[in-house]
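Okay, here's what each chain looks like letter by letter:
Protein chains: 2
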Amino acid sequence: MKAVILSIGDELVLGQNVDTNSAWMSARLAALGVMTVYHQTIADDLDATARAVRDAAAAADLVLVTGGLGPTADDLTREALAKVLGTELELHAASLERIRAFFLQLGRPMAETNRVQALCPRGAEMLHNEWGTAPGLRCRVGSALLLAFPGVPREMKGMFDRYLVPALAGQTGRTILTEAVRTFGAGESNVAERLGELMRRDRNPMLGTTASGGVITVRVRSDFPDGEAARRALDETCAEIERRLGTLVYGRGETTLQAAAGALLAARRRTVVTVEICTGGLVASLLTDVPGSSAYMLGGWVVYANDMKAREMDVPPEMLAAHGAVSEPVARALAEGGRRRAGADYSLAVTGIAGPAGGSDQKPVGTVWIALARPAGPTLAARHQFPGDRDMVRDRAAKTALNLLRQELLAFGQGEVA
Amino acid sequence: MKAVILSIGDELVLGQNVDTNSAWMSARLAALGVMTVYHQTIADDLDATARAVRDAAAAADLVLVTGGLGPTADDLTREALAKVLGTELELHAASLERIRAFFLQLGRPMAETNRVQALCPRGAEMLHNEWGTAPGLRCRVGSALLLAFPGVPREMKGMFDRYLVPALAGQTGRTILTEAVRTFGAGESNVAERLGELMRRDRNPMLGTTASGGVITVRVRSDFPDGEAARRALDETCAEIERRLGTLVYGRGETTLQAAAGALLAARRRTVVTVEICTGGLVASLLTDVPGSSAYMLGGWVVYANDMKAREMDVPPEMLAAHGAVSEPVARALAEGGRRRAGADYSLAVTGIAGPAGGSDQKPVGTVWIALARPAGPTLAARHQFPGDRDMVRDRAAKTALNLLRQELLAFGQGEVA
Chain D
1 MKAVILSIGD ELVLGQNVDT NSAWMSARLA ALGVMTVYHQ TIADDLDATA RAVRDAAAAA
61 DLVLVTGGLG PTADDLTREA LAKVLGTELE LHAASLERIR AFFLQLGRPM AETNRVQALC
121 PRGAEMLHNE WGTAPGLRCR VGSALLLAFP GVPREMKGMF DRYLVPALAG QTGRTILTEA
181 VRTFGAGESN VAERLGELMR RDRNPMLGTT ASGGVITVRV RSDFPDGEAA RRALDETCAE
241 IERRLGTLVY GRGETTLQAA AGALLAARRR TVVTVEICTG GLVASLLTDV PGSSAYMLGG
301 WVVYANDMKA REMDVPPEML AAHGAVSEPV ARALAEGGRR RAGADYSLAV TGIAGPAGGS
361 DQKPVGTVWI ALARPAGPTL AARHQFPGDR DMVRDRAAKT ALNLLRQELL AFGQGEVA
Chain F
1 MKAVILSIGD ELVLGQNVDT NSAWMSARLA ALGVMTVYHQ TIADDLDATA RAVRDAAAAA
61 DLVLVTGGLG PTADDLTREA LAKVLGTELE LHAASLERIR AFFLQLGRPM AETNRVQALC
121 PRGAEMLHNE WGTAPGLRCR VGSALLLAFP GVPREMKGMF DRYLVPALAG QTGRTILTEA
181 VRTFGAGESN VAERLGELMR RDRNPMLGTT ASGGVITVRV RSDFPDGEAA RRALDETCAE
241 IERRLGTLVY GRGETTLQAA AGALLAARRR TVVTVEICTG GLVASLLTDV PGSSAYMLGG
301 WVVYANDMKA REMDVPPEML AAHGAVSEPV ARALAEGGRR RAGADYSLAV TGIAGPAGGS
361 DQKPVGTVWI ALARPAGPTL AARHQFPGDR DMVRDRAAKT ALNLLRQELL AFGQGEVA
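Those sequence lines, one after another, are chains D and F. Note that the first sequence covers residues 1 to 418 in the working numbering. Note that the second sequence covers residues 1 to 418 in the working numbering.
One chain only, chain D, in its complex shape:
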């Protein structure tokens, strides 16, 4: 089965936005056994869109369109499909009601311009969008199946999974299953070395590694005619990867470091607080983005101003004056102050220089002290030097802190929890 992906929008063709939807959809299609032939990005132009749809339907069995379903005059996908189908646009009453209801729920009246989003080319079917106001569309163009989704990534992804995945299941005659094994704490070449001959290009399941934001992901792709064989081979390969990489692995699929650390906290009935300077609330924000995190997250402090460090965390002003806020004694004092104050089991403290200003020869931008106060044993503290700009330093510092907590909980679990 072959697919073509069309992305509609002036902002894409003008280079104001990068089209990330096409890559996401292609990757998902590949996992479902559908080969993407090409992507095309077209301006908000009726004739160009209609022409691109016709060409795509001639080249593929499946045509996916994103964008051009909004409420404004530059949203022309509905009209372009009507043109290709040689039909008219009709008002779809149920969609209009849903759009009205969506606005009602937000406590706002529906603007008249949103009416156009309820227009459907005759011969096409409306797809309900529970994430936004723009319904999708489904129709046949010649022998090809076409689905049109909104360009907003969250809405597109929701509708892809809702409407396309079930329609494709079992149609392609082969089963391609994929899994992602997530690791943190080692570089890509180091991970690849530990995987050894598992990385051979002629292996099935086949492995590949990608690096993003300090996370090294091992992607596994199992490709068999038989679904059960594909599943068994995938599971065996993933288990072998996990055996070779040990505690570098924090999970599979879409798991995050915060979810992995959170699951360990919940399983061991332990609590945590955070005390942050350079990450400015990022560690707390990550910990609390996990549903159910109130079971173990008591809270946290961001102590940017020096008198907040002293008043909230009892850091002696002499210590700050002698060592500076980015120092081992202050990192320890912050972690221990937060733990004591909240009566928590664990307390993570992060103090560093995120930049662009504030660096020095002794403490260049990227210098970060991370400390972990814990129920037993002395407070752990380590100095790190992270590369990159402010965003990157903050991101790596937060992830390294979460990983420290995770590793500590894993070590603590040995022998104490079955």
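No lab work stands behind these hints: they were computed from the structure. There may be inaccurate statements among the hints.
Identical copies go unnamed one by one, so any copy, or any two together, can satisfy a pair.
Stated by the list, open to error - The calculated lysine to any residue pairs, modelled on SDA-like cross-linking and capped at a C-alpha distance of 25 Å, are:
1) 157 <-> 16
2) 2 <-> 161
3) 83 <-> 208
4) 363 <-> 102
5) 2 <-> 51
6) 83 <-> 199
7) 83 <-> 72
8) 157 <-> 357
9) 157 <-> 227
For clarity, every value in this text was computed on a predicted model and none was experimentally measured.
Using the hints, position chain F against chain D.
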């Protein structure tokens, strides 16, 4: 002058990499007065590449190709061009010498596989690549000018500026300038209604709106023969947009809500703290992701556990028992507690139900109270109902809080700051 951009590579069509080259080139072309008609991404396939080149040359005056110039068997751009031109590949001695010299400089011998990079379709011209081993190509396909660059972004960008920019200078007879005006606090259709006839498709500068994460962006495209006229029309249109949308607009270009609020805090020499429940540190994290935010950000609290709300923010336990944490009195008490405690000018508090659990009939998931304690006047507090899942509720709540602070600082500025 019209352009088509072709990106060649299995990794792009499979969705393993996002194509950022096309957006970069389109933006640069637009600034040079060249309108991109479409982008197309094609697999490493000889026939598909040749067909795409022919179609592109028929649709545009300028065809830019990236990728497929590497040394391995899947790099087929050279052969595809020879096929389109109906000629053979010939060894280009000067290019071979340059490739050898490039490796010599790295202290390595040239691998035999790199020889193919010195092959040139007869009738085309080799373009020296000083950033890597793959030379580019330039030729005419019918009436269109075609340039092929390597896919490595750094090499592509270097060659674009070296070979294309001088060739286009003064040839296009037009200048296209773009700007993005960012708004928060109203829906896309509402923004479009307020812009009225500015949204007409036949207008120049032309407007388009896009929605992402609650931010509605008005994109403006000014297209004139004369650069000065394009700039003047762009400025006038942006000013008119800002007049019509008023304080909904928080900035132009890549500005964020936190940068806009931060700039106002800095200009007015005011300080801020945050007290968060459902956003769990996200508001603090956003405020501190702005370089220089330590000038106005004193710090913040995440008070997840009830006894932290009481102990850190002096919220009376009876108030919590009577109204619950997600309530107007608690939101006000948190904001005022944080402001008092830190001696800050402003204090933002966010308490709500991010989900998936915790909702009720009276307070469904998405219910969020946001309060702002301030130097003069009573504490502001409002109830919001945000749609979507946990991530979306947290994201919208954090942005709405930052926008409340921004709006308050704007109002405070009236009359007090010139």
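Do the hints match the structure? See the list:
1. 157 <-> 16: both (21 Å within a copy, 17 Å between copies)
2. 2 <-> 161: within (18 Å within a copy, 37 Å between copies)
3. 83 <-> 208: between (40 Å within a copy, 22 Å between copies)
4. 363 <-> 102: Between. Shortest inter-copy distance 18 Å satisfies the 25 Å Cα cut-off; intra-copy 52 Å does not.
5. 2 <-> 51: both (19 Å within a copy, 17 Å between copies)
6. 83 <-> 199: between (45 Å within a copy, 23 Å between copies)
7. 83 <-> 72: within (19 Å within a copy, 44 Å between copies)
8. 157 <-> 357: between (39 Å within a copy, 23 Å between copies)
9. 157 <-> 227: within (23 Å within a copy, 41 Å between copies)
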